[in-house]
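Single-letter residue listing:
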Amino acid sequence: MHSYRLALDEPVAGAHLDELSRRVHYISEAIIGFRLVPGAGDGVEAVEVTTDHPVDAEALGKKLRYVVDTEVRPQLHTPPKVLWRSTADRTPHGDTFAGLLADGVVHEIGPGQVALGAPALAALDALDGLLRDIIREEFGAREYRYPTLLPVTALHRSGYLSSFPQHMMFAARLNGDVDTYRAFAEEVGARETVGDRVLHRCAPVDRCLPPTMCYHTFDQFAGATLPDENTVVTAKGGSFRHESRYHRTLERLSDFTIRETVFLGTADFVREARDRFRRRAVELVEQLGLAGRCEVASDPFFAGAATAAQVSSQRLLELKHELHLDVAPGDSISIGSFNLHEKHFGDAFGIKGPDGATVYSACVGFGLERFTYAVLCQYGWDVADWPAPLAERCATTPQPGKGKR
Amino acid sequence: MTDDIAKTVRSFIGEHVQDGEPGDDHDIFATGSVSSLFAVQLVMWVERTFGIAVHPTDLDIENFRTVNHVVRFVESRRAAAAPA
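So the protein sequences, as listed, match chains A and B.
Going by my numbering, 73 is the number at position 90 of the first sequence; the sequence numbering is gapless.
Going by my numbering, 2 is the number at position 22 of the second sequence; the sequence numbering is gapless.
Each hint should be verified, as a subset may be incorrect.
[What the hints assert, rightly or not] Capping the alpha-carbon separation at 25 Å, the derived lysine to aspartate or glutamate pairs in DMTMM-like fashion look like this:
| # | chain 1 | residue 1 | chain 2 | residue 2 |
| --- | --- | --- | --- | --- |
| 1 | A | Lys46 | A | Glu226 |
| 2 | A | Lys303 | B | Asp38 |
| 3 | A | Lys326 | B | Glu(-5) |
| 4 | A | Lys326 | B | Asp(-17) |
Quick caveat, the hints were computed from the structure, so don't treat them as lab data.
Construct the entire structure; sequences and hints are all you get.
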């Protein structure tokens, strides 16, 4: 283990500290841990990072300062804003994941990958069912099941590649040529690992793993003139994001499930729909007696030229709201987000309304594993202890272990 | 003074809206007249042009939605900064 103190040119303080913290691991994969070093006053004057192997600290410090100076410091100091806070008095235990593992409710596959079994799986499906009820009742959405792989062109034209390069996961295949297949087959037969012998033989890179469902929906309507003034589409599917670090829980996965609803139409419609869904989601959380809050948030933009302005404008205009639920004493995770896109995706995908004008869009997405995990943290995994709307839908699920809170 | 401020604000916003010069009560962010990134540009321009510090508690879009909102915000900050 090696430790390095990376000094900042000027102290970083206030709202910028969270923005600094969420970026440190993305500076380099070599960083396995870090600590913000307080300076005089309320600012942070350095970041102390730890690595497994020796690194060029000067180069690492330069990368950190570049990110701080271009992405963090130029951001407006927008103060935190909470829109709703639950009155539920539920304090989650801090050891939920260990209990779930011990009882065989979950199984760790690898970093950011966890298999769910009963009764967590039943909870996930039930929570999705409760969300689908809202989507059907409020919006009469059209539902689709999309293929897993997404054309790279969809993310390219959306701007995702330049805004969130750190999350990208490409789905490559071997170049279609008998010489490639033969050389590859011979080589892997003689080796124990193949990772470093694959990519240079792959082409074309035209598919990727979707970071969420809405890009499938925008791609579906690319170039279309929608017959109705307002359109609502919902889908559930596997979503994939490379993260710099994974929690050893269900809090941050590379491979997870999102229930996402996309609204296309007029500015008033998409804003009203986004806000109405948020209110219904809060009602659901209250009905389930879960402890949490809803607040103004921003996306993890990284490495783009406009990162600071994107984060600042999202917060200033309240384009993104997040619903957080408690998962441990003093700790919560975002289980859903409610997003306005203005005409960004309408322009990017050439989607027009019946009047020929570019549509506005909004989307509401729920991370179903996270939602499930928050329920398990607050209620345990004995179905009999779950709140009625959930327990009723899970009455027949097998019940391994006790999971008493 | 108010007229001068309004003229300056109207001119700056007018240069950036997509659908002609807006009325002084026109909500430029609700109607798609500008992209969301303009909000940041507007805040920074107000600081620079009128020599006032926009504090975290001022970062409420209600201070920047219309020409009149910006004018009122600039006047209030100047009044607060003026010697008694």
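Hints violated by the structure (numbers, ascending): 4
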